[in-house]
Amino acid sequence: MQIDFFQWLAGIPTWLYDIIMWLHGIIVWIFNGVWGIFVFVWAAVVGNFWFLFRAIIFPGLVFIVLGIIFAVWFTRKMWGRIQDRRGPTHIGKYGGFQLFADAIKLVSKETIIPDKAKRWMFRFLPCLLLVIVLLPFAFIPWSPSWFIADLSVSLVLIFAFLTAVPVIALLAGWVSGSKYSLIGGFRAANNQFAAEIPMIISSVGPTLLAGSLSLMGIAQAQSNVWFVVLLPINLATFMVSSIASVGTFPFDSPVADSEIIFGWRTEFSGIYFTMTYFAEFAEQMLYSAMMVALFLGGFHGLPFLPPAMNFIIKFLIVFFLYIVVTSSFYRLRPDQIVEYCWKYLLPLSILNVVLAMLAIVYLPGLAGLLMIGG
Amino acid sequence: MKDVLEEATEIWFGPQHVSAHGWAAKLTLVGDYIVECDPNAGYFHRSAEKCLEFRDFRQGALIMERLCMLEAFLAEYPYVSAVEKIAGIDVPDRAKIMRTIMMEASRIHSLQFWWGQFAAELGLFTMLLWPWVDREFFLDAFEELTGSRHAVSYNTPGGVKYDFTDKFLSKLDRAIQRLEERMPKFRDMLLRSPTFKVRTKGIGRFDANQGLRWGISGPNIRACGVPMDLRKDSPDENLTYDMADWEVPTYTNEDHPGESDAYDRMVQRFLEIETSVDIIRQLLPQVPEGEIYERKARGKVNRLPEGEAYGRVEGTRGVTSLYLRTMDKAQTPYRAKIRGPCFNSYYSLKHLVPGNKFADFIVIFGSLDPYPGWWDR
Amino acid sequence: MGFFSTLGDIFRILRHVFRQIFKRPFTYFYPFEDREYPERTRGRHIHVRENCTACKQCVRVCPVVAIRIDVMDQKYNKDAALYFDYTRCIFCGLCVQACRFNALYHTKVVDISAENREDLIYGPDEITTLDREPLEWRGRRFR
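Top line first, the protein sequences correspond to chains A, B and C.
Numbering follows the numbering used here, with no gaps: position 219 of the first sequence is 219.
Numbering follows the numbering used here, with no gaps: position 30 of the second sequence is 30.
Numbering follows the numbering used here, with no gaps: position 107 of the third sequence is 107.
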């Protein structure tokens, strides 16, 4: 083929220009895209700044994780005190950084997965457990302004989330491929079977008195009188059944270390064990917070303190009671847990609701104090 | 009809189980019920009997006390007693009464250890630590007396090694006082605790005839109401239990007389401790002045004449005894056979456990106060 | 009444546990403070070579063969060098009891952990001297 060399030479600038324009187009396109994402994120962050702040920083994830770390330290220290020991002392002031040390140690350990375990589920279930236990914290009304979400059915939603916990425990026991962990999984399911009905019936009382299924609504309805005045037995039954549901000490048959080695958590090691361990304490904290919101007046309390501070003080007191109760009784057998939960807790919780209703009917002054309606 | 055993699951309880410290039992489960229990010994075997054949008569007691560190004063006594019988050593009166006092103190501290262990097996770690705190006072007293907390090496053929001091006596007194102060608290935490009652009542029940047939001795058989106690039945001439005024502690439950369950065995252990405290309190003022060691024994234990002897003592967990045979001018035993108290109670699990729930297995096991060192030697 | 007496028992237990929280803990801050060891504490040995007569009674009586003697290594008139193997020693006190010449004693030093096995075999230099005061450890002084 014949080429006109000078014509080809003359075409080079055009060709270069075209290439530059093409690159320019790509750069502009990328820049516009990035700018668009930036604008979108900026709008999302600024527009929802307080929501994001709540979800991530204060009543949200960071606060909860710090709370769990404090709860573990507090529990260990209190158990130490009760058992004539000192608890963790060496790392940090009064052993405050002990959990960080433990967590680093556990995370850096080898993850051992048994041969017979279903590997994918074995890795997935502890993560799911932690997520499911952390989700209901979104509905805890720390104060009238500091909360993440306020649904009209948040109480029902919390129970719905927490019902999944023993299912995960059962599955975890199943996929671990060990007889001991399978027994532990069934015992976890058994605990929930025993404890869930009394717990829900106990929370019916505050719901009826407040006329609302939202935790925020229940907490706001206690501005005049706390529901513990009317429902003291329900507080006790809720506490006992929540301990049974979590599976800590008097009701720790799912993880009974002298019977079945560590129950459904036997085969977990390293980071997965850390997650299940965190999930247990997160669940205890969640139930303590629910007890404060349902019975102990939520954020109402001393008027000169900020409402969130009131809530946290009451929360700590309830958590302390939790620790005292969990370190005073012997472990019950699984069938005994079912027996006592259904034979004593369920009638007692119903009885208290009935008594509260009668009190409202026959004491008209009391009904005026409560904001009944909705 | 379908056989239930077709659906049975075999599960090994031990040797890596957290509460199976040196033993293993094969359990056959149908649902939550145990239908068969096969206790296995041998995971804790240290060939102590063979070791005794290579140690001379001063050193043998050291092997014996390492079989069960919790009752070291008691565990080394059968060997010492057998050697004294063969060599014909007369023990001074002061050494006799000191031995008796220290054996009772050892019994108390062993029972306190068992309280804590049993509570931990039942899932309450608060009660694991509380009796162990009181036990520390006894250990401090032992250390003041002998220089070591557990491996005391106190008894020796011909007497005892270390004399009582004022500081030791005050420490022992303080330990007993603290024990008596805290006794009501332990009654509340153990015997009156509702959760303890529901876990232990009616669990692992056997009657006196069964127990005697299985060879169970000590507090486990006394909880059935059988006053079988070597301290009273065949008093050792080198021990001075007859100098104190005491009754054999037996417990009879009104609901099922002649039988004992896990709860009764716990009550029996409370009575045991009270009896031991009583004996110590009575013997302490009666300690005479004199030698604590027979001088002639020093030469006699080097070479023993030919003979055989059977030393025995009522241990914390039952009859502890040792058969010793020596040849003429022997430096070491020709044969030593140890009869530990826990072998029988461990193998009685075979009959006690089937029919119970899986969660009750460790309760039955713990209520018999077993110590693996005594069945594996 | 059974129900209420059970409730009473439960609250009594809770009271015991609650009271315990406000009591002083029983344990020590171990590396920083320690209890006083009694006179008869059977800790690591000390060998007084001036009194030793190389009679080998300690070697003969040792039930675990933890002591080795070197009679050729003489520093004084008729003494000998002792090598203590603390990986084997059970601290039974028989060797101290067997010594007629007051040449072997127990000390109050009971924490003799080491990083290597070889460090636990105390030669004549280490066994004749206390390398530290019994009440001092890691640069801190016990109360």
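Simulated from the structure, these hints should not be mistaken for lab results.
Backbone N, C-alpha and C fix where the C-beta goes; we use that ideal spot for every residue, glycine too.
Take these hints with a grain of salt, some might be off.
[Stated by the list, open to error] Selected chain C positions facing chain B (Cβ under 10 angstroms, derived; list incomplete):
1) T6
2) T41
3) V59
4) C62
5) V64
6) I69
7) V71
8) G123
[Claimed, not checked] Below are the BS3-like pairs computed for lysine-lysine, each with C-alpha atoms no more than 30 angstroms apart in a straight line:
9) B:K197 / A:K179
10) C:K56 / B:K300
11) B:K201 / A:K343
12) B:K357 / A:K179
13) B:K197 / B:K185
14) B:K167 / C:K108
Outcome of the hint check:
The restraint placing T6 (chain C) at the interface with chain B holds, with a minimum CB-CB distance near 5 angstroms, inside the 10 angstroms limit. For T41 (chain C), the shortest C-beta to C-beta distance to chain B is roughly 5 angstroms, which falls under 10 angstroms, so the interface hint holds. With a cut of 10 angstroms, the hint placing V59 (chain C) at the interface with chain B is violated, because the nearest CB-to-CB distance is about 13 angstroms. For C62 (chain C), the interface hint holds, since its Cβ comes within 10 angstroms of a Cβ in chain B; the closest pair sits about 8 angstroms apart.
Of the supplied interface hints, the one on V64 (chain C) holds, with its beta-carbon coming within about 9 angstroms of a beta-carbon of chain B, less than 10 angstroms. Proximity of I69 (chain C) to chain B is violated relative to the hint, the smallest CB-CB distance being about 18 angstroms (cut-off 10 angstroms). Restraint check, V71 (chain C) versus chain B: the minimum CB separation of about 23 angstroms is more than 10 angstroms; hint violated. Because the smallest distance between the Cβ of G123 (chain C) and any Cβ of chain B comes to about 24 angstroms, over 10 angstroms, the interface hint for this residue is violated.
Among the hinted pairs, K197 (chain B) with K179 (chain A) is consistent with the structure: their alpha-carbon atoms are about 29 angstroms apart, no more than 30 angstroms. For the hint pairing K56 (chain C) with K300 (chain B), the CA-to-CA distance comes to about 20 angstroms; that is within 30 angstroms, so the pair holds. The hinted pair formed by K201 (chain B) and K343 (chain A) meets the criterion: a straight-line CA distance of about 19 angstroms does not exceed 30 angstroms. A C-alpha spacing of about 16 angstroms is found between K357 (chain B) and K179 (chain A), which places the hinted pair at or below 30 angstroms, so the restraint holds.
Only pairs whose Cα atoms come within 30 angstroms are accepted, and K197 (chain B) paired with K185 (chain B) is accepted, the gap being roughly 16 angstroms. For the proposed pair K167 (chain B) and K108 (chain C), the alpha carbon gap of about 17 angstroms is at most 30 angstroms, so the pair holds.
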